[in-house]
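Engineer: If you want the building blocks of each chain, they are given just below.
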Amino acid sequence: MQDFWIQLWSLVWFGGLAIFSVLAVLVTVFGGADLIALLASLRRRHFERQAADTAPSQEPPGQP
Amino acid sequence: MDALANLNLATNFRTIDWAIVVTFLSASTVLGMWAMRYIRDMEDYVVAGRSVRTYLGTASLIATELGLVTVMYSAQMGFSSAFAAFSVAVLAAVAGLLVGLTGFIVVPLRRMSVMTIPEFYERRYSRGVRVMGGLILAVSGILNMGMFLKADSMFITSVMGMNSDFQLKVAMTIVLCLVLMYTTVGGMISVVFTDYLQFVVMSLGLVVTSILLMIHFGWSNIVDTVGQIKGEAGFNPLMADSGIGPSYLVWMFFLGLISACVWQTSVMRATSAESEAVVRRTYSWGSVGFLIRFLIPYFWGVCALVFVWQHPQLKGIFLPANVKVDSSLQLRAMPIALSSLMPAGFIGLLTAGMLAAAMSTYNTYLHTWSAVLTQDFVAPLTGNRMSSRTRILVARIIMCLIAFFLLVWGLWYPLGERLWDYMAITGAIYFTGAFATLTGGIYWKGASRAGAYGAFLCGFMMVVGLKPVQDLLGVNWRGEYVGLTVTIGACVALVALSLLFPERKKEV
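Chain order of the listed sequences is A and B. The first sequence runs 5 to 68 under the working numbering. The second sequence runs 436 to 943 under the working numbering.
The hints are simulated quantities; they were obtained by calculation from the structure and are not laboratory data. Here a beta-carbon is modelled for each residue, glycine too, at the ideal position from N, C-alpha and C. It is possible that some hints are incorrect.
Computed far set for chain B versus chain A, every beta-carbon distance over 10 Å [stated by the list, open to error]:
(1) D676
(2) G751
(3) S763
(4) R824
Label-pair distances were calculated between CB atoms; the ranges are [claimed, not checked]:
(5) B/L935 - A/V26: 48 to 58 Å
(6) A/T58 - B/I923: 51 to 61 Å
(7) A/D57 - B/V927: 47 to 57 Å
Which chain A residues face chain B? A few, computed with CB under 10 Å, are given here [stated by the list, open to error]:
(8) Q6
(9) W9
(10) I10
(11) W13
(12) W17
(13) F18
(14) L21
(15) F24
(16) T32
(17) G35
(18) D38
(19) A41
(20) L43
Take these sequences, add in the hints, and give me the full structure.
Structural biologist: Following this line, the structure appears as structure tokens:
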């Protein structure tokens, strides 16, 4: 019975470590790309809202 | 700690290691503070404008869930239960994968576009349920976080060779202040940015340390030594001598499920995700993280056991015959082993990685609990009339108060149980009730507010699981029995009270 558990945990350990190593590389590379995309999206929103904030002050007074 | 003071333990921590740690801390702080320029409203602050994609979400999820405190309590479990503890890691991964594949709870929450779980309570039940749920969630979460500083400081002092308590408190206060500085300013955007950097450093530290430990001890030697120390109980989790057993495994599977889909810090990743598909993918990939966050520290704990066994002086302290070792002392076995085994230069990288793990957890937890208290407790009590700017200010003040509490509580609370059991019990104060309330609210139309109140109150009974409370009551109940009983009780309370007091149908 002990041999069964030893084999199982050996498989879990080496398999888990290998999968995590691959995942870590993938997440590092593609996560970096996601981070750049997030930055771009936030920057776009930031400028859009800045433009929206300044827009009403440019309207002529008295207009509804 | 006193027992170890006379041993004059050597550490390989040198100047180059200090340089690595300081560089990392500076980079993390600058990056976190730089993110503040993009904060415009509460949605940016709490859920990063809902723009987080799969890989970045996975990095953030893993970095948060794998805190230094996780490494510490898991290593303690690996030290006390050896390879049998691996079963808990497997169950956590299976639970995370199930959530990813089915979208259980997290997908409906994302579909509703809620920012916090208590926000769901208001939409589904009432404002009162939201306030109660938010308060219990925050209290339980902050208590849960209360041991982080203590455990983390043990790692830092042991590895760096700092022996005085004063140095330890100063070091941890500095780290906490740095995290506080960029989290209060940058919110979720800072959290995601710094989590990515911390994931990169941390994953490198975890993998390389594990490989070096395997090279040092040899896999067969580790297995043989565990067999010699513990026999079959060191491998078989079903044996009572392993310190685990069948009922503990059931409790661990439930905890794995809960920590993935009910615990607010994990759910924040779902609510910040770009789409429902991203939620599912993040959790499916994240299940590898749920496995590894336990598996690697368990292995380090097993290696610490082998290391202690090979050193008679340490063996007398950590493995005395017929004497129960103090939980706080047991926690120090792994960092002491690593500080002696890891080479100079690498130990700095490892410490930076572990600091990364600690900081990514602190920032998310501080951010989450302050957001919950602001959105779900303070704002509803003021009739939701607070502006976005006021809410951000309130969240920042609450964050500072929580940080102060952590310093005080971490140094005061007497840790009687295993650290993991403390974490599980304090967390369960909230999630036993929340599990019933969320599951009922999402998947059963008949769930009512009376049922929700009942489930939360029932969940609060979990405080009985804490060692000091049990000492006060003069009882000695195992945490898993209390946890499973309270969970079943909360579900029964939800169903029974919902049937007895159903919601009145609104007249058209």
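Engineer: Taking the hints in turn, state whether each one holds.
Structural biologist: Now for the hints, and whether the structure bears them out:
| no. | hint | in the structure |
| --- | --- | --- |
| 1 | D676 | holds, 13 Å |
| 2 | G751 | holds, 28 Å |
| 3 | S763 | holds, 28 Å |
| 4 | R824 | holds, 14 Å |
| 5 | B/L935 - A/V26: 48 to 58 Å | holds, 53 Å |
| 6 | A/T58 - B/I923: 51 to 61 Å | holds, 58 Å |
| 7 | A/D57 - B/V927: 47 to 57 Å | holds, 53 Å |
| 8 | Q6 | holds, 5 Å |
| 9 | W9 | holds, 4 Å |
| 10 | I10 | holds, 6 Å |
| 11 | W13 | holds, 5 Å |
| 12 | W17 | holds, 6 Å |
| 13 | F18 | holds, 9 Å |
| 14 | L21 | holds, 6 Å |
| 15 | F24 | holds, 4 Å |
| 16 | T32 | holds, 5 Å |
| 17 | G35 | holds, 4 Å |
| 18 | D38 | holds, 4 Å |
| 19 | A41 | holds, 7 Å |
| 20 | L43 | holds, 8 Å |
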